[in-house]
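Assemble the whole structure, with the sequences as input and the hints as a guide.
From first to last, the protein sequence lines stand for chains A and B. Going by numbering that gives the first Met the number 0, the letters in the first sequence line up with residues 0 to 771, in that order. Going by numbering that gives the first Met the number 0, the letters in the second sequence line up with residues 0 to 277, in that order.
Simulated from the structure, these hints should not be mistaken for lab results. Since the structure is predicted, the reported quantities are computational estimates derived from the model, not experimental observations. Any given hint might turn out to be false.
To be verified - Below are the PhoX-like pairs computed for lysine-lysine, each with C-alpha atoms no more than 20 Å apart in a straight line:
hint	chain 1	residue 1	chain 2	residue 2
1	A	K636	B	K45
2	B	K66	A	K746
3	B	K38	B	K72
4	A	K746	B	K38
5	B	K38	A	K734
Here are the chains, one letter per residue:
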Amino acid sequence: MKMYLLLTALLFFPGITRAQSTFTVSGHIRDAATGEELVAASFYAVEVKKGGIANDYGFYSLTIPSGTYTMRYSYVGYKTKEVKLTVKKNIKLDVELSEETIVMEGIVVKGETEESTVTSTEMGTTQMNPKEAETMPILFGEQDIVKTFQLMPGVHEASEGNSGFFVRGGDADQNLVLLDEAPVYNPSHLMGFFSVFNSDALKDVKMIKGALPAEYGGRLSSVLDIKMKEGNSKNISASGGIGLIASRLTLEGPLAGGKGSFILSGRRTYADLLWKLSSKENLRRTQLYFYDLNMKANYLLGDNDHLFVSGYFGRDVLSERDQFGFNWGNITGTVRWNHLFNDRLFLNSSLILSTFDYQISAQSSGSMIDITSAIKDINLKEDFEYYIRSGHTMKFGFNVIRHRFLPGEFSASSTSEYNNLKLEEKHAYETAAYASHEYDVNDRLKVNYGLRCSMFTVLGPGTVFTYDEYGDVFDSRKYSRGKVIKNYWGPEPRLAANYMIDQSQSVKLSYSRNMQYIHLLSNFTSSTPLDIWHPSTSIIKPGTADQVSAGWFRNLAGNKYEMSVEAYYKDMKKLVDYKTGAEIILNEHVEAELVFGKGRAYGTEYFLKKKTGKFTGWLGYTLARTERKFPAIDNGKPFPARHDRTHDVAGVGTYVLNDKWTISASWVFHTGDAVTFPSGKYIIEDNTVSLYTERNGYRMPTYQRLDLGLTYTKKKTKRYESSWNFSLYNAYGRKNAFFIYFRDNEKHPEYTEAVKVTLFTFFPSVTYNFKY
Amino acid sequence: MKNRTIIPMCMTGLPKGIMIVPVLFLVLFACSCSEDVIKVKLKNTKPRIVIEGTVTDRDPAMVRISKTVDFFKPTTLPAVSGALVTISDSESNVYTLKEIVSGIYIAEKLRGIEGQTYTMNVFAEGVEYTAVSTMQHAVVIDSLSQDYDEEDELEIHCYLTDPEGIDNFYRIRLFRNGTAPGGITPDSNYWFSDKVTDGKKIDYYFFDTEDFEIDDVITVELLTIDEGIYDFFMTLDSALGDNSSFGTLPGNPISNISNGALGYFGAFTIRSAELTVK
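Structure below.
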């Protein structure tokens, strides 16, 4: 009830004073060549200095007094467009911007936007068009947008070459990864070496590592919001590429005479196809591949209604003929309906499906056995955007997710040797309602405040166990279908403010509280597909994170450069860790294997980016600390999280030589991750056993790497374009430690030695890309 | 590199026969992997007491007491001599163990009896350590047999019948002409529970048999252990050194001995069977 009151109050408070003489200019901003809506393109009425950015569907709305205006529309990499308007009534104006590809005297001019990171209230937010990363050096010849984001301050890769990531000291499961609004539970392929996102099918990628706007929730640390392309609504086109290990093909085109469009994009690796030619028997019998399929279609139902259907299907397969099989993957599906009630009230309704599952099968003396686990979600979202008047925008809505957890099942084809085992399914509803108001207090101060209220309800049927201090079952209680087993809820306030010091610089401040009700259980130190998601229970409490951050943002040399300094402090509670040797798989008492504690992370991030010109790129530096404190680990002494890195530097540069050649480089340098090494040893049954004295008390060696890239664009005509990308990973052959292990010396077994395993030194790759 | 198991299936507590996990994940990348012995600076540690105590129904009861050393010192552990070591059973019979070699204590006459609970008391350097273990009922090996798989590789099968309705924990180990080929590693030595095989006929097979030759005498021992010993050995995996920064989180194994001693005390039955490779 409280929530409704609040919503109503928020709704009416800013809206009531709409003057008679104001009118609304609204419409969509699109790409002239493909008809794709441009996410976050900016619009600006020059005379009154009012503007904003278009929403996720390219929709904009600006309410201004009657008069004559110059409307300026812009988007990074596109030509700015100015339209003279006499506003005497409400105007609907769709605008098309064309990509800035014309090379003038050898200089690529990229468009600049009026609305930049300096003027918005967003902090710790990076938005990127996958095109920007096209010419960067890449590993295995596979462009991977997640790896580009790992080069931003505050974001770390999980391990070398890995697409998993940690944001501002958060754990891996604290990142909400969305593909067209659908959560992707395991966003990586091949043990993490690739992300599941095929750049060919992506339009826009945004990462928020600071205060989350109220419309996002459910994770403690960050959101990686990925949007798929809508497909070219003007012409049929095909594009694709052949890389070192994978090939890609994308088809897109108009539907129903331009009232809609579609895109179909696929990718598959083919290393295993080459192995078939190998002389090694065990390689020939082995299959190891993954594929992705992205599909999307949209259709304009009328002036005010737009329907989108999108889906993703991807799978990894690893098998040895007849003996062993292991496959895993995500499936997501989203149906969205945009509805414009009027030129100022926009509604998007989404129905979303999302699943992740894995299956292991093995031959065992005549019987086939299977181990499976999955999480399946159905999700309904209603998101309203209300452009009340210039300087006032409200967002509000709600979200209901039905989670179904299938923690594990063991089944055998023959029951003579095995009993089947099925862990209880778990059911839960995660609901949230939110409202936020972005408000220009005056010419200098802009605030965005909001509240999200979230609730998590675990429902029967189910058995709830309680455990004693040794982890043995103490008591159990059965709940019948539909009975509430446990209910949690909490308010999540969000606040962001921007104060403009002058036209080109601002200071920002933000605070957010996030709650997380589902937890990823995995006690591996590297990413594996054996992910088990677990709901909050009476034992596993929901995690909370409070983050405050402050920053200084500045544009230099007429918006050619942008720089920022941000400081953050994040306090996390009810984090999950594991008892030694915790059994996670097929364990109905997995909760007894967990320990709980808290963490904190703080640091400063420095960022300098050159946005336009022949040379573009950025340099980032992070000075940070991430700690955990668990009463059950090291007697409650704080210890650094594994991904604690004191210093982290990353630089990326791209230089356009001429219309054929582009060179690029990226360089990273960071403190080694914290790691647990043994300090002593002893013997059990003649084997050397390590004695550990503290968690993460040691450091991996300092890491550094330079990657180089060279792109050759062969022909650039209206109809056909092709390019070659050559990359050299780890160009100066630095032997970075992928991991370190210890063993008895072969010649003198009474001595132990440390061994460093290096993954890639000088790893070249080549990719051919084409576009019709 | 090739042999590193990324998914230690033993974590699931399943018999290994069903868990052939060929390590393929890194095959693709193996070509560009390299290994170098490096110098790592490790901290000094305070020596801690290590106790390894066993009561079996076959061999004399034995307790070995030693101390830990710094990681890069030679692996010759200082023995703890002059300790007072006793083992008592459920019927309050107390056996005092005699130190026959420095740090090794034996009760020549003590043989375990199924169903009895044994308590070990060690008084060493002013501290008392205790541990309890119950000897489970023996499970016999029904038979051993040999077989060749599709690739003509030798497999040694061990058949046993799990008693229904009881939580059983096993240790199984293989000896080739009297020696264990893989030491404590899973190649010839394994721990499992009857989590998915309760009451079933279990076919446990060893397939790491590359070196085996005709006329080799293969001995398979089946030990029924209690949960405390099982937990110790299952978690020992996290401390066997070679996965300290890759694999599962490293940590010290769960000891069933009080007062912070490392190691374990276990009472178990041993049944064995023999086969000559043909």
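Violated hints, by number in ascending order, as checked against the structure: Hint check: 2 fails alone, others pass.
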